[in-house]
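6 protein chains.
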Amino acid sequence: MRNVLAIGAHPDDIELGCGATLLAHTAAGDRVTMLVLTGGEQGPGTANRHTEQRSAAATLGASLRWGGLVDCTLTPDAATVKLIESFIEESQADLVYVHAPDDSHQDHRAAAAAALSAGRRLSRVLHYQSPSTLSFNPTVFVDITAHLTGKLVALKAHASQVELSAMVEPDAVVASARHWGAQARIGYAEAFAPTRMVLDLAPAPGRRTRPRSSAGRHDSEAVAALLPR
Amino acid sequence: MRNVLAIGAHPDDIELGCGATLLAHTAAGDRVTMLVLTGGEQGPGTANRHTEQRSAAATLGASLRWGGLVDCTLTPDAATVKLIESFIEESQADLVYVHAPDDSHQDHRAAAAAALSAGRRLSRVLHYQSPSTLSFNPTVFVDITAHLTGKLVALKAHASQVELSAMVEPDAVVASARHWGAQARIGYAEAFAPTRMVLDLAPAPGRRTRPRSSAGRHDSEAVAALLPR
Amino acid sequence: MRNVLAIGAHPDDIELGCGATLLAHTAAGDRVTMLVLTGGEQGPGTANRHTEQRSAAATLGASLRWGGLVDCTLTPDAATVKLIESFIEESQADLVYVHAPDDSHQDHRAAAAAALSAGRRLSRVLHYQSPSTLSFNPTVFVDITAHLTGKLVALKAHASQVELSAMVEPDAVVASARHWGAQARIGYAEAFAPTRMVLDLAPAPGRRTRPRSSAGRHDSEAVAALLPR
Amino acid sequence: MRNVLAIGAHPDDIELGCGATLLAHTAAGDRVTMLVLTGGEQGPGTANRHTEQRSAAATLGASLRWGGLVDCTLTPDAATVKLIESFIEESQADLVYVHAPDDSHQDHRAAAAAALSAGRRLSRVLHYQSPSTLSFNPTVFVDITAHLTGKLVALKAHASQVELSAMVEPDAVVASARHWGAQARIGYAEAFAPTRMVLDLAPAPGRRTRPRSSAGRHDSEAVAALLPR
Amino acid sequence: MRNVLAIGAHPDDIELGCGATLLAHTAAGDRVTMLVLTGGEQGPGTANRHTEQRSAAATLGASLRWGGLVDCTLTPDAATVKLIESFIEESQADLVYVHAPDDSHQDHRAAAAAALSAGRRLSRVLHYQSPSTLSFNPTVFVDITAHLTGKLVALKAHASQVELSAMVEPDAVVASARHWGAQARIGYAEAFAPTRMVLDLAPAPGRRTRPRSSAGRHDSEAVAALLPR
Amino acid sequence: MRNVLAIGAHPDDIELGCGATLLAHTAAGDRVTMLVLTGGEQGPGTANRHTEQRSAAATLGASLRWGGLVDCTLTPDAATVKLIESFIEESQADLVYVHAPDDSHQDHRAAAAAALSAGRRLSRVLHYQSPSTLSFNPTVFVDITAHLTGKLVALKAHASQVELSAMVEPDAVVASARHWGAQARIGYAEAFAPTRMVLDLAPAPGRRTRPRSSAGRHDSEAVAALLPR
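Protein chains in written order, with this note's numbering: chain G, 54 to 282; chain U, 54 to 282; chain L, 54 to 282; chain F, 54 to 282; chain A, 54 to 282; chain W, 54 to 282.
The reader is advised that the hints may include incorrect statements.
Stated by the list, open to error - DEER-style ranges, computed between Cβ atoms:
| hint | chain 1 | residue 1 | chain 2 | residue 2 | range |
| --- | --- | --- | --- | --- | --- |
| 1 | F | Ser218 | G | Ser116 | 27 to 35 Å |
| 2 | G | Glu274 | A | Leu136 | 35 to 43 Å |
| 3 | G | Gly121 | L | Pro281 | 52 to 60 Å |
| 4 | F | Pro97 | A | His103 | 34 to 42 Å |
| 5 | L | Glu142 | W | Glu94 | 16 to 24 Å |
| 6 | L | Ala277 | F | Asn190 | 45 to 53 Å |
| 7 | A | Ala219 | G | Glu143 | 14 to 22 Å |
Said to hold, decoys possible - To list a few chain W residues with every Cβ distance to chain L over 12 Å, as calculated:
| hint | residue |
| --- | --- |
| 8 | Ala80 |
| 9 | Asn101 |
| 10 | Ala132 |
| 11 | Ser139 |
| 12 | Asp160 |
| 13 | Pro184 |
| 14 | Ser185 |
| 15 | Ala219 |
| 16 | Pro247 |
| 17 | Glu274 |
Hints listed in this document are in silico derivations from the structure and should not be mistaken for laboratory results. These numbers come from a predicted model, not from an experiment. The C-beta atom is built at its ideal place from N, Cα and C for all residues, glycine as well.
Same shape as in the complex, but just chain G (with noise of 0.2 Å):
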């Protein structure tokens, strides 16, 4: 079982990004959330965003969080990494979901630096890709056929942004999945570039994390009876 983060500056960007990815965590056992760094405010409309947010957020069975912050003021400073550091912690996580650093919006610029600060230490992160993206290289895939329909669900859940926002538009986000999938040789797909993506083959035997503890040490004479003289 794995736990994962997934980080969005805004309400709705999860969704866009990685929401059909979260179902096929879900579905795989795994304890999801999700951390929605501003409230959106900025967005069209009147509506509560933090209630379309959780519905949202219920629909792909995942824990909702709130970063606290201010719609189009983020900026990846040392409260912000703090931040995120916080609910790193407190999820447990070992699987980072966040923005691509090259975006034209400049919170999800931020919320991609801050995270990658925060998860300095964690081996998976990954990163998907918004409305806004600019340069973007996918190179892993989730196969998201059997959750394409959460995902939109999930996405209808953001009425507000699906009416009134350019940038969401749920007929090219099927397209996109669809356009991925191909490059993915299989049906639909969301994409992600990896700043780092440890795969797990096999529960291995005594795994250490540091290789200079005690056990570390065992293995270097192991190595060193090995190399040539």
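Model the placement of chains U, L, F, A and W on the given structure of chain G, informed by the hints.
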């Protein structure tokens, strides 16, 4: 259980690039096949490199196949592509490891290009690093802390090359494993650059690979119902 | 009026990559030539692919030329370069469309490389995406909202491939058009990566292509007079 | 006719980056607006830089707008984004020129980032090179052979900088124009790296910018009829 | 003799990134200055990091300067740029070493950006790797086989960090040195990504830095005489 | 003193790419060898290109070697690699200059690839730009202000190409030198993209190239003693 196919141009290429990862696959119960495209007859020394390679494959718990091509003459032409296709089919591989495309050895470049052609319908193609690899930006890693000594044992089987080839330096192999391990925030790692890598979060229910099948059409209707009008 | 030359390795490559853009060119009064380098005789099916290709070219309002080379054996050698040069000259092309250079099909790579050689003196060379293209970062787009159905009609002419090739998926073609359209902030788009693209802002008065001509020298004096001493 | 908006952080930035291209736009009958974000008050010299800039804009046939921000303090925050948005709206720009994002001057980076944010719905954003630009891989060019002297005249209007700034070297401006011209296979060129550039091949009949409009739905049916079942 | 300025955000950054290279500079008779921008007061432990840093600088034979900025709050603003400019001037640096720009630590990114600004007129700016650096493609290397132990001695002076910081792992430092050494085809290396690096092949006779000086104009005539008419 | 080997596919390639740098090497007392792989017999004109090349080499103070291969048919196969290896050995080169790998001329691509293979054990391989080079991001520069006229003199020796080849434009050569000079913050420069470049800061005492020698093992003990337990 996965069917894994590791492809190398010469005896010892696969061990250097992903030997420990193959051990992790066997440990996880995956079926591993090694395809060595040439006999490495241009390498230094007079040892029987087929014997060395057989011995190395045995230590990795892998099946060994030979491509029967001639060292230093590999080209990514239709014949080489077809040859690799036949081994992908025979092994029913769903995950391929092969050289990185940007490599100063012409055989490595050719092996990478031909494998990309032959594996054009596969969802998982990962590139490993060789001592002659040029640009290499890995983002996917496998924890090999438990398998580093196993990798060195496999490498030792290629005694002629360890002894004579200036490009095979076991101490550099260990150093690189630790270098990439630090990048991956673990102990020791092998590093991979993915052409594409579909993650398995869980056995997806009712996965289909071609969305235009009859099952796919049902989805289309569900999807259409969820799009704004 | 432009003279446009679209180059593809096999029948259907051009339609998949830039079929709607060619329709936009014909609609704009440009003269469009399609150069299909091989007969695609290794593709699936027994249909007459020359007939299919002729029919597709007709729906696009384009002249059709055949390179007469053999499917799956293309190389970017001097003969292929000369062949393409002859068609650039015949068509007086000032804009060339061709495969993207990084593609897993050896013929596509060869077609791109040879076209770059043959077009080394041209100011406009744009690369289109194929289903087998690997890295692709398009920055130039053509709005094909009005020509998407036309593209599908042209594609349909290649019935044997649509029916039998796993790489030709019309629904993915539509999805990609919408995906790139969203990237380009329009409806549907074909996407291109330029090697170089000189824009036409206006018919420049007295344009010269070689600045060292006599006209160029006058400029030199005017320029020198404007430089600080 | 196009509405062109050129954005620069300081007086003389626009002239250095795309002055001749703006002349080509005016010559083509396009409407050109220059937005200079700061007064350049930290530059060398005591000259009135507003006067110099007004004079330069006049030689280019462009309208001049001032952002009123402070030299060396630009940040790509919400206020700067809104400011640029207002000028995009005022000028009804459909083509924006702005600094390249990777630049060693903090104001240039900020201007590029804020313009990308403000122009997130535009289909044409091109980045020009400054003397302080770092990585820059232009693929789009404009032939400025006929406008090189005009560019130098505009630059000369910034006499204080030409005289005193080590980064403003007219002879290097001419050399770069010839360098990029050779890259573009023409005489002299200004070079651009596009974030996205939708080409105009012809006035597309019935173009729509949002495909989910009623017109878009008709298309959907036509498209569906052309897809294989 | 060179004047070398190495810039780091925190105590120990410079030693980790280029400590052995600085030793090679001192050994070669170059004058080395280390500029540590903050006191590293947010790092783990209660040790006096100023004392540790002074001791480390002494082992490297380098002068030590402090930027006096606050740990975790660096920004590449005008004040930081001016601060670094003053140290470039004081040290008369013609070669600057600084963090790589793409780093997950906000202070490292800020130090790199500000140094690039401050060093905009310098011909030699090289970026070193930190444990938190993200993408890094070094092409320039220094042979540190003779200085590896010296680097470890300098690192040991930062006892509080070696003891307590999870990012400071001396065995990984050694491994990376061997990894990059193998890339550089030598024993052990420190690796650098250059923003720009002018090589010294020989003391050039009569070198001028501004070609439009009177000496430059003579050249112009000689050059013009050699161009075809 | 260095042994420098400059490799070009055709007569005039080396002069265009790094002629002035070779002059700087000779001026510094280095030994310079030029290896011209083909006779350039497909170039325009009827002049004796061997004679022209001999004359050009003389003006650069360089030894001239011929590869004896056929113009427009270069491939980076084992024979070409071996050929270049023999010249690396003969010249005892420790620094190689060769074409950039991404070039639209097939011979240039082949020369770069074969030289990278042949020079796989060298620590210094720099790529120069040709008029047909495609992507090129130089980071290493040589100040050629004192050698620009010398470069033009060498180029003039290739009178047939200057006269007849559309790709050889001396005024563009001068412009590019000034363009790269501005990038390098000097007067005029030749620009290089390094595959790898080990800097010489000083004659390192007791340098060893293979760390597993007996000398290397002593180091290992010293290093181990400095690592935390």
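> So does Pro97/F sit 34 to 42 Å from His103/A, Cβ to Cβ?
Replying inline: Cβ of Pro97/F to Cβ of His103/A: about 37 Å, so the range 34 to 42 Å holds.
> Once the closest CB in chain L is found, is it more than 12 Å from Ser185/W?
Replying inline: Answer for Ser185/W: violated, closest chain L Cβ roughly 6 Å.
> How does the Cβ-Cβ distance of Gly121/G and Pro281/L compare with 52 to 60 Å: does it lie in that range?
Replying inline: Since the Cβ atoms of Gly121/G and Pro281/L sit about 56 Å apart, the hinted range of 52 to 60 Å holds.
> Checking the smallest CB distance to chain L, is Asp160/W really beyond 12 Å?
Replying inline: 9 Å, violated
> CB of Glu274/G to CB of Leu136/A, is that within 35 to 43 Å?
Replying inline: 49 Å, violated
> Does the Cβ distance between Ala219/A and Glu143/G fall inside 14 to 22 Å?
Replying inline: Given about 19 Å between the Cβ atoms, the range holds.
> Lying within 27 to 35 Å: is that true of the beta-carbon distance Ser218/F to Ser116/G?
Replying inline: 56 Å, violated
> Does Asn101/W sit more than 12 Å from chain L, CB to CB?
Replying inline: 22 Å, holds
> How does the Cβ-Cβ distance of Ala277/L and Asn190/F compare with 45 to 53 Å: does it lie in that range?
Replying inline: 31 Å, violated
> Beyond 12 Å from chain L, beta-carbon-wise, is Ala80/W?
Replying inline: 29 Å, holds
> Far enough from chain L: is every CB of that chain over 12 Å from the CB of Pro184/W?
Replying inline: 9 Å, violated
>> So Ala132/W supposedly isn't at the interface. Is its beta-carbon more than 12 Å from every beta-carbon in chain L?
In response: Label holds. Min Cβ-Cβ 16 Å, cutoff 12 Å.
In the structure shown, a violation is registered for the earlier hints numbered 1, 2, 6, 12, 13, 14 and 15, in ascending order.
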